[in-house]
Amino acid sequence: MLIALWLLWHSPLLAQKVALNQNYRTTANYYSQGETQQSLKIVLKEYEKVYGVRFNYAAKLVSDKYVKHNKVESATLEESLKNLLTPLGLKYERLSDELVFITEDEQNKVKKLDQKRIGVHTEYTLPTRNIPQMSTSLSSRVTSILIERPISGQVTDLSDDSAIPGVNILVKGTTIGTVTDAEGNYSLLVPDDAQTLVFSSIGYETEEVTIGNQSVINMALSPSLEQLSEIVVIGYGEKSRKLLTESIGTVEAEEIQKVPVASADQALQGRVSGVQITNTSGTPGAGVAVRIRGVGTVGNTQPLFVIDGVPVGSNSSDPTTNPLSTINPNDIESISVLKDASAAAVYGVRAANGVVLITTKRGETGKPTINFDGYYGVQRLPELYDMNNTAAQIALIEDAQNNYNAQNGFVAGDESFLELHPDLLPGSRYRDINSPWVDNVTNNNAPIQNYNLSISGANDNLNYYVSAGYFGQESVVNKWDLERFSFRANGDYRINDRIKFGQTFTVSHQNIFHGVNSAGDGFLLANAARMPPFYEIFDTDNSVTGNRYGYEGNLDVAGGTIGNQNGLNEIRDYYKRDTRLLGGIFAEVMLIPGLTFKSQASVDLILERDDQWNPGHTAQEMGLERAQERRDRRGENVSQIFTNTLTYENTFGDHSINVLAGIEYQKISNTSLSGRAENFLSSDPDFYQIVANGQDAIDLGGGAGENSFVGYIGRLSYDFQNKYLFTATVRRDGTSRFSPQDNRRWGTFPSFSAAWRIGEEDFFTVPFISDLKIRGSWGQLGNDATTSFPHVFRVSANPDYGLGGDNTLQAPAPINFVNESIIWETVETLDAGIDVSFFNDKLNLLATYYQRTTKDFLINLPLPRISGFGSTPANVGEVRNTGIELELGYNTVFSNGLSLGVSGNLTTINNELISIDEGISEFTQGDGYRTAIGFPIGYFYGYQTDGLYQTEGEVANAIPDVNSQGPQPGDIRFVDTNGPAAEDAPEGQLFSGESDGIVDPNDRAYLGKTIPDFFYGLNINAGFKDFDLSVLFQGVEGVQLYNQFRRDSESMTGGIRAEQATTQNRWTGPNTSNDMPRAIATDPNDNNRFSDRWIEDGDFLRLRNIQLGYTLPETVTDKINLRFYVTATNLLTITPYTGPDPEVFNARARSGSQLEAGTDRGNIPQTRMFQLGVQARF
Amino acid sequence: MRTYIKSITLTLACVLAFATCDDRLDLSPIGELNSENFYNNEEDFEAASLAPYSTLLNLYFDQSGGGWFQPIMYPGDDVRNELGNNDIEEFNWLSTNGNFRNVWDESYKGIMRSNVVIAQLEDADGFSDESNKARFEGEAKFIRAYFYFILARNFGEVPVIDEVLTTIEDTRIGNSQTGEVWDLIESDLAFAAENLPESWDDDNTGRATRYAASALLGKAQIYRAQWLGEAGKYQDAITNLQAVVNSGQYSLMDDYGDNFSEDAENNAESIFEIQMTRGDFNPWLPADHVSNEGAAGTGRRIFTAAGCNQGECAPGGNQFGYGRVHITSSLRNEFEPNDPRIFHTFYQEGDQYADTVFRASWSVTGATPAKYVRPFAAEGFPPNISTNNERVIRYSDVLLLLAEAELLGNGNVAQAAELINQVRERARNNYEIVYEGTAPTDLLPDRPTSASADQMHEWLRHERRVELALEVHRYDDLVRWHRTGIINIPTDVDFGNTLANQNWGERNLLKPIPQRELDNNASLSQNDGY
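Quick note, the sequences are listed as chains A and B, same order. The first sequence runs 1 to 1178 under my numbering. The second sequence runs 1 to 530 under my numbering.
Isolated chain A (complex conformation) (with noise of 0.2 Å):
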């Protein structure tokens, strides 16, 4: 069929026909693929145009009411209002030629429910513009009402007192009015018995104000907090909310701006429920974790994300920085997250994570519109480790050698007898240094700044939206400073009613500058908090030629020699630069009316250049002797999408319809090039800048890599009046990351979802109800995210081996364990929820249960190194995360203006590995992620701890302990609670569950998990006169961090490097401490070992942002609208962590796998920032 229809757009027959059809003329609701219906207001605009005639109407009779199209080939006025109004309980009287009253029809008068009944939306073709003329009846008598006195005023919006155009203005209990120019300005003539004025808008609250004497009368709307009736972003389209069968969250641009960001995934933190965003480190820039209802995997666990259509982060070299951290916040108008597999479905084989829609803004109809918003603000850090100082720590090191000299009897002399080093000794000049290594390395009050210009407009041929924005932020942690300057283009053009085609371009450049702080993970920041502050960090004495930090001062002091970081990110110069070119082009046809075809070509083009320079410098600065160095490394990363799709939407009678089909091609392409050398003859950075100018180890790199999609796309969504809601979607996807054998390229993923409208229902009569709505949906996604070609028996030719004396010869060896059976993994999700509205809208619910299914989840498995290699991509097992996701809103005005908003969100994960493969065992990564039937997916699993040995007595009856060489009093008491399996056990049993006796690895437990017990956010916006408030709360509950920087600063064995003050509450003889065991080097007891120890409950609640803003009143500002604010980020947070920050996610597995995902290294924490900005709309 696809054919015939590309030949028929093609065939100069149909092109003529459309050319001759010059006055066809359709309604608005044409382009919107998603609709089924249209409101009957923009109808009614659309029948403004066409008869060129002016509607009046109390806007209560308009909104909420739908019309379903009904095609004939030509109306007048008369007979096309009569099929409109007539169903819907409506008249109207004609007043003029160009004026038409539409009011409620006494006679066909119905209670409130039948309102809600569907008119029917005559389209027509009209030859000539030839409006009927109407009876001359209706006009005298109108002529005798209008001799009354004139009232006038403005109508303004009570939250941000902009002018509101388009305001209905009726006398109650007539037909007379008027509506609100531009400017929001009216003037009427009234009855002399007029008693009340009814104000009404749509997206307002409906005011009625008693006239009495007045003859000026200003109002202020609320806005009307109704979200129900919201469009909302699809996958390949959109959809009434009110129509959905889907489980989507959306945040909309001005949610999106209240925060200031610096990415857009950030947005979404707090406000959708089901999703859980985690910074991964207070770096600009760095990258978000996305978890959507748990972590389904525990290989690559972020969404897809896909801007304008194109599928976004997986075509980016570099996994630490955020694939949307180039995209300008302030062009976003909404962001949908697809939750289920009914939303996510149509995006096949890489949805699997759930789905992220980007879409960004396009001009309006209106006059055009000039936005500026801008805001400054200075970032700190919170308070971080408290660390020993050099007293403290030189005590700590005498204790612990002394501990250990009594524990085996050494005296001086001997060998092994441990003594304080002489630069510690009493009298030594370090004594008396204590370094503020911290303080050297961070930059508290670092700025942060955005400005963002756009210009956007619409007439009935166009539209456009064009922006430029500026983005600076330095970080906290020195150095480490990112810019961004971007650019938008969108637009949209009319070549006829049969053609439109459009363009969504972005580009932006964004450099960041930084030294050896290599972002996320932290090293820069714990490294100082680390350093001997016995250390300096500026030489005293200067006695290195030249020397541009000072490290002499350090070299072997105290017996240790540690590079000086703080100076080696000083004198290094790193430059991040990503230039990208993101954005598409799109056609889209009427091949016969309700009947669509598009067609989008589009691009993202990331060209990375990463460059750097090394200054020589010699051990006597830093510690490490470093020739000149120069690397250049150029990347060119290409994704392209081609989309086509056909759509199909009609109504017949009652039911109603929209089919799409389409086909997606995407191919990804990487290459890279890069270039090192040393020793340049001048240091010049335009000398330098060419690599090749280098005198020695020249040295070349580079890659390539290629993948490609194609998916075969289908969905049916049908409605029987807007009541019975069904939708039914299939995708058939290949990916090229798979074995062409079997067919394990291409998989089939189909879902289907329900919904019924009950409180439509003739039946459903409860007052306060005001929309309940419940659905259902059953589907699968797949997700093929892991290293390509895993089946492919991959050598690398780097690997050398010299023969003949000094000859380097490649040696090529495999580098991949070849797993030909994998596939991408299946999700079948199961979602069934509830919709409600309570006090006409004011009070909205939504439930959902939802239960998530992973069959053979796909992770970089670690592999027994008898393989040969430490991991391969391997389908592993089946993954269940079921939980619940509430979101509760209430909006409400009250009398006095004051304005309020609240909505809150939850959501509830249990996450549990059902089964493993056979021939898989149980795994471990890292330092103690277990991966185990029963437990959720990458659990901490160590020793649990049972205090501290207090006498000689508790030991003596200590129980064996293999790690151990035999505790003391003071060490730490490990517990005994299992062994292992008997020799008769099932197979597969590992463990008897009793204690043996023996302290050994089979007592390994369970200590804690990384995927919470739930999560939540609470969002509150209030509006008094020209302040407006937004709160937003956020936190995270049941869920436990494994905090490695405290496992390596409170190691109590005596080296030089700083431990942390608590070490100071250690353990000193008997009862002195139950938890902070004794120093003591060498750690003979392996108190140090992964246990309960480490692992902290990580739960927290945080003020994640407070916005107080004023606008100045219109008398002020005249045509301008300006709005000032105040905004505080992380201004709270309440945690039992006891680091800085409870927000912590490895950075490594923020792309990966969720297996260490919980560490805490040390990573720079979330900071807490003060914006000042300014919004201007022109």
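Take these hints with a grain of salt, some might be off.
Computed beta-carbon distance windows for the label pairs [said to hold, decoys possible]:
(1) B:D26 with A:H509: 32 to 40 Å
(2) B:E122 with A:E706: 15 to 23 Å
(3) B:E169 with A:A601: 25 to 33 Å
(4) B:D170 with A:S1073: 28 to 36 Å
(5) A:A601 with B:D26: 21 to 29 Å
(6) B:Y435 with A:P685: 34 to 42 Å
Covered stretches of chain A, as calculated for chain B (at least 3 residues, CB under 8 Å) [to be verified]:
(7) 730-736
(8) 788-802
(9) 851-863
Simulated from the structure, these hints should not be mistaken for lab results. Quick reminder that beta carbons are idealized off the backbone N, C-alpha and C, glycines included.
Given the coordinates of chain A, work out where chain B should sit on it, guided by the hints.
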């Protein structure tokens, strides 16, 4: 332009006719070899056969010395850590120890690479002569056996993998049966001894020869005889070691120091060496070593050169090298007075060191290694990664092994004495080279052939210890002699560290299997005591 049009046409065809899209998924990795375009002919295997060798480098290059000096060298009684706080040295062996894991991981990586060469040879169809395949197979089997020998000595009855694994289930196999690893080592080396050439041309120097295989086989057979109590293996060992001696290809170098000098690599005494080629870079700098595939020199000089002790530093001391290895008094005392091998084994007070004089106070024990470090010239600083080859099997080792097999297998004391005396004679003759003077008359006298077998074995043990000191044989020697009852480690060995002496137990005859292996493979059992 034409290809562009073709691409567009194909894309349109894909859109319009579903079937042709499938082709668009036919992509493969870029910039790599694969089993289709490689492993076909002799030329491919000239390169591919080096992959197993390349893994050998990984054992000697590691930022923390994980491959050799900690897990292999520390447990012996020749050296100790700079301070008494090293778990490995003190036999406080944990299954989580990363250094043991490194030995395990790299050994199995080498085995995998060998298995791949062997498997790919079967299917290679571009050979001019099928019989040429045997040589490549022999090389792969030599390296495979070398790694299994390391595994067997360190971890005992390890899983035996002698083919390319294709399913994940196959990677979950358990410990082998007693003797199984030794069987494989023997059969692999026997194959190599039969199919490898006697020597290589200059361009291929460094590849294994048939005598390298014979020497390693003889050595493994002595181990087997002692580990498993299979005394019959001594005869096999004699056969194989004798073949090396009889070949006439090898002899003791006049200058003992040539065995550790970069200027005399692959010399007449050297039967197999690890060829170190890429050097002169600093192992502590990140990203210098781009892959762990094996592409480097050795870190031996860095770790064994003198460092600092309580604030006193050797020239170029701690800031450049770790100075992690110190000579125990037990080893120093083992040397007979004026043994010239001392000069090449360790530095002590008064020795010329770079451009100054060595001071005992630089070391916790007063002496630091000289082997592979000498000559240590001032311009030798900083001691970056070195390209000096690591000698794996020297002819003197073969002579001493043969002596031991003759002694224990045949009770042939005279033959043993004669072999030992060859080694002593060369050492004796080095006095003039080292000290440029006339040797004292009683220097390193020949061992009398009339001694008892026990006495001769004691002399043999002494000779092995001083001749091969620091060449990472020592702890393995102690273990096998302990196993066969010749010595009793707790009473006979002074590890030069009180805690080491105190902590050593029978469990320390084997290392713990890495916990990561056990955690990911339920079929595998831990060695006793861990």
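Hints and how they fare:
1. B:D26 with A:H509: 32 to 40 Å: Holds: the Cβ-Cβ distance is about 36 Å, inside 32 to 40 Å.
2. B:E122 with A:E706: 15 to 23 Å: 32 Å, violated
3. B:E169 with A:A601: 25 to 33 Å: 46 Å, violated
4. B:D170 with A:S1073: 28 to 36 Å: Between D170 of chain B and S1073 of chain A, where Cβ atoms are some 50 Å apart, the hint is violated.
5. A:A601 with B:D26: 21 to 29 Å: 22 Å, holds
6. B:Y435 with A:P685: 34 to 42 Å: Violated: the Cβ-Cβ distance is about 57 Å, outside 34 to 42 Å.
7. 730-736: holds (count 3)
8. 788-802: holds (count 13)
9. 851-863: It holds: at least three residues are needed, and the stretch 851-863 of chain A offers 3 whose Cβ sits within less than 8 Å of chain B.
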